[in-house]
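Participant: Protein sequence lines, in the order shown, are assigned to chains P and Y.
Sequential numbering of the first sequence, starting at 1, is according to the numbering used here.
Sequential numbering of the second sequence, starting at 119, is according to the numbering used here.
These are calculated hints, taken from the structure and not from any lab test.
Simulated pairs of lysine-lysine, DSBU-like, Cα-Cα distance not exceeding 30 Å:
1. Lys154/Y - Lys36/P
2. Lys22/P - Lys41/P
3. Lys226/Y - Lys175/Y
4. Lys22/P - Lys154/Y
5. Lys154/Y - Lys41/P
6. Lys19/P - Lys41/P
7. Lys175/Y - Lys154/Y
8. Lys226/Y - Lys36/P
9. Lys154/Y - Lys177/Y
10. Lys169/Y - Lys188/Y
11. Lys188/Y - Lys36/P
12. Lys169/Y - Lys41/P
13. Lys19/P - Lys40/P
14. Lys188/Y - Lys226/Y
15. Lys18/P - Lys41/P
16. Lys174/Y - Lys41/P
17. Lys154/Y - Lys40/P
18. Lys19/P - Lys36/P
19. Lys41/P - Lys226/Y
20. Lys188/Y - Lys175/Y
21. Lys174/Y - Lys226/Y
22. Lys154/Y - Lys169/Y
23. Lys188/Y - Lys41/P
24. Lys154/Y - Lys188/Y
25. Lys40/P - Lys18/P
26. Lys154/Y - Lys174/Y
27. Lys177/Y - Lys226/Y
28. Lys40/P - Lys226/Y
29. Lys40/P - Lys188/Y
In silico negatives: residues of chain Y with every beta carbon more than 10 Å from chain P:
30. Ser144
31. Thr146
32. Val173
33. Gly184
34. Glu185
35. Ala186
36. Lys188
Residues of chain P clear of chain Y, computed beta-carbon distances all greater than 10 Å:
37. Gly3
38. Lys18
39. Ser65
40. Asn70
These numbers were taken from a predicted model, which means no experiment stands behind them.
Beta carbons are placed, not taken as given, at the ideal position from N, Cα and C, and that holds for glycine.
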Amino acid sequence: ETGVTQTPRHLVMGMTNKKSLKCEQHLGHNAMYWYKQSAKKPLELMFVYNFKEQTENNSVPSRFSPECPNSSHLFLHLHTLQPEDSALYLCASSQVGEGTTSINTEAFFGQGTRLTVV
Amino acid sequence: GQQVMQIPQYQHVQEGEDFTTYCNSSTTLSNIQWYKQRPGGHPVFLIQLVKSGEVKKQKRLTFQFGEAKKNSSLHITATQTTDVGTYFCAGSTSGTYKYIFGTGTRLKVLA
Numbered sequence: 001e002t003g004v005t006q007t008p009r010h011l012v013m014g015m016t017n018k019k020s021l022k023c024e025q026h027l028g029h030n031a032m033y034w035y036k037q038s039a040k041k042p043l044e045l046m047f048v049y050n051f052k053e054q055t056e057n058n059s060v061p062s063r064f065s066p067e068c069p070n071s072s073h074l075f076l077h078l079h080t081l082q083p084e085d086s087a088l089y090l091c092a093s094s095q096v097g098e099g100t101t102s103i104n105t106e107a108f109f110g111q112g113t114r115l116t117v118v
Numbered sequence: 119g120q121q122v123m124q125i126p127q128y129q130h131v132q133e134g135e136d137f138t139t140y141c142n143s144s145t146t147l148s149n150i151q152w153y154k155q156r157p158g159g160h161p162v163f164l165i166q167l168v169k170s171g172e173v174k175k176q177k178r179l180t181f182q183f184g185e186a187k188k189n190s191s192l193h194i195t196a197t198q199t200t201d202v203g204t205y206f207c208a209g210s211t212s213g214t215y216k217y218i219f220g221t222g223t224r225l226k227v228l229a
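Model the full assembly from the supplied sequences, consistent with the hints where possible.
Facilitator: Structure representation (structure tokens):
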């Protein structure tokens, strides 16, 4: 148990479906992340939220829509996905300091959601 | 954009042999972290290096951070079957709140 919980663990969805992935962290961290892990591009950073504000969007297609209602919860809304979007989606959290000289502390990962798009 | 490469991509060793993976960043880092992901699992933090030239040890694992803070290595002495998994380095730059993960090295240990 890492303190970061992701649901569901497995998801199969059609290309016309709409679904959401949920992540909850119980560590009191102030930053949360979505990563995509596939065979072709391991651990690809998708989104970063710091203090509930999105600070990074790594050129992710608009069919992926993140939502961070508070510092403990992070969602990834999915719609009209493609088969190549099938992957393991990992959520992580960390405690980051403020300022340009701050050092990022370790990231804690959830168990991931294994997504299959058919 | 910032890239972090690791070599080798795969490594098969006999149990008891040593193993090393190398990590290279396209930009200077403020710190580097190492993670291990077991098959079917999620990445788990191993260690963080911050200082130029820093060396840290955890039992059979030795971690180094290069003088220029652009490269790092992980060395495992006398591998065991429990060392099986993928090892990732992750680089950070101060004030960016993000970790750029390396491509990973998948280690297989043959008993």
